[in-house]
Each structure stands twice: as C-alpha cells, then as structure tokens.
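> Here are the chains, one letter per residue:
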Amino acid sequence: DAKTTQPTSMDCAEGRAANLPCNHSTISGNEYVYWYRQIHSQGPQYIIHGLKNNETNEMASLIITEDRKSSTLILPHATLRDTAVYYCIVLAGKLIFGQGTTLQVKP
Amino acid sequence: KAGVTQTPRYLIKTRGQQVTLSCSPISGHRSVSWYQQTPGQGLQFLFEYFSETQRNKGNFPGRFSGRQFSNSRSEMNVSTLELGDSALYLCASSLVEVTTNTGELFFGEGSRLTVL
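Heads up: the protein sequence lines correspond to chains A and B, in order. First residue of the first sequence? That's 4 in this note's numbering, and the numbers climb one at a time after it. First residue of the second sequence? That's 831 in this note's numbering, and the numbers climb one at a time after it.
Please keep in mind that the hints were generated in silico from the structure rather than gathered at the bench. Check each hint, because a few of them may be wrong.
Capping the alpha-carbon separation at 20 Å, the derived lysine to aspartate or glutamate pairs in EDC-like fashion look like this [as the list claims (entries may be wrong)]:
1. Lys843(B) / Glu912(B)
2. Lys55(A) / Glu934(B)
3. Lys97(A) / Glu934(B)
4. Lys6(A) / Glu934(B)
5. Lys887(B) / Glu34(A)
6. Lys97(A) / Glu927(B)
7. Lys6(A) / Glu34(A)
8. Lys97(A) / Glu34(A)
9. Lys97(A) / Glu882(B)
10. Lys97(A) / Glu905(B)
Model the full assembly from the supplied sequences, consistent with the hints where possible.
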C-alpha cells in the first residue's frame, strides 16, 4: 500500500547532481516524507526527512512542493558509492517501502 | 557506538520447521521494527515493538510473531515455514516509536533465510 510513486531507474554521471523525484499526491497534512537508500546486500540507510519545508543535511537536500504532493531528493555531487535503490516513503504510522528508484552513477 | 546486530546472518530450514531470529538494537534505542525483503514483494513491514509492546503490525499471517525484551532486544519467530518465507529479514531500531514522526531507523545487515 505504498503511497508514493517513483521512477524505476535513473542514471547520473559521477560528479553531477542526482535529482530523484517522488509523487505522493495522497499525503495527509501531518505525514512526513522520508528517504532511505539501500546499497546492494546491506540494510537500508536513512538519508533525510521533511514535512513542509525544504531540508538539507550532509548527505542530501529534500525539496517538497508547496502543495506537498511531490518531492525531490538531491544528491549534489553523486559518486559511484551513491549507486543504490532509493526509497521515498510517506510515514503513516509505519514505514511502507515502495519499489524505489535504482540510481546508477556512471563514471 | 555499535550498530544494530542481527543473528544469525544466514540460515537454511525446511518446510514445516520454525525459526527464531534475533535483533539487538543500538544502545538506548527502545523501538525495534522488522521487515521482510523478497525480490518480488520488496521491503514489507512486519511489526514494531516499543517498550516490550507491539505497536503496529503489517499484513502477515499469524505464523509470524515477535517479542521484545526489557533490554530492548527483539526476536521474531516464523512457524510452519513455507517456501515463500525465504527472504532477507531486516531489523531496524529507533530512539522513539516510528509513529511519532521524529525518529530515523537504523537497519541491521539482515538475516537471510532459505526454506527448502
């Protein structure tokens, strides 16, 4: 029952910004958007989360549209180690992971 | 500090058997949640425990159960194993309940179960 829609896969050149979109058109007013990533054979890793305002940390930036129906995760300078599956999740009492976006960073 | 520890990392069982997986959360974390990951279904939420109480549950049959101890360590049990239970079982810990919207989850490396 994922409440988010993400592209299945994306490519990005090493050193360039990776912009990963997510649609969450049915999000409720008090539901947060979380981003996690999973590198092959490892457990998912928390990246960032937000409610209304844009957020930035040492890993990434999260841009949430004013109507909150979509968001974009930005990795400012992608490296080969950023190749992973990225999950956009709306926290509705529990984390429901969708299929995620497989980001391939290429040299 | 030490991360989330899951044991065993790999195990093989046969249909009809039962299995118990263990998860030791990060020190000080009181919430433990469990997920099943398969190639076909992706990551699916099983249940969350906080202060020894189950706080939330996913859509899994009663064969899947869990518990949390007073030291926050958690176990999950799967009885009468089926071939479809073959999966990576991930445990995650958090300072607070996931439902509070103020915590991030820290995942372990997972326990890979193969049912023959």
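> If a hint holds in the structure, say so; if it does not, say that too.
Results of checking the hints against the structure:
no.	hint	in the structure
1	Lys843(B) / Glu912(B)	10 Å, holds
2	Lys55(A) / Glu934(B)	17 Å, holds
3	Lys97(A) / Glu934(B)	12 Å, holds
4	Lys6(A) / Glu934(B)	19 Å, holds
5	Lys887(B) / Glu34(A)	18 Å, holds
6	Lys97(A) / Glu927(B)	9 Å, holds
7	Lys6(A) / Glu34(A)	11 Å, holds
8	Lys97(A) / Glu34(A)	11 Å, holds
9	Lys97(A) / Glu882(B)	17 Å, holds
10	Lys97(A) / Glu905(B)	19 Å, holds
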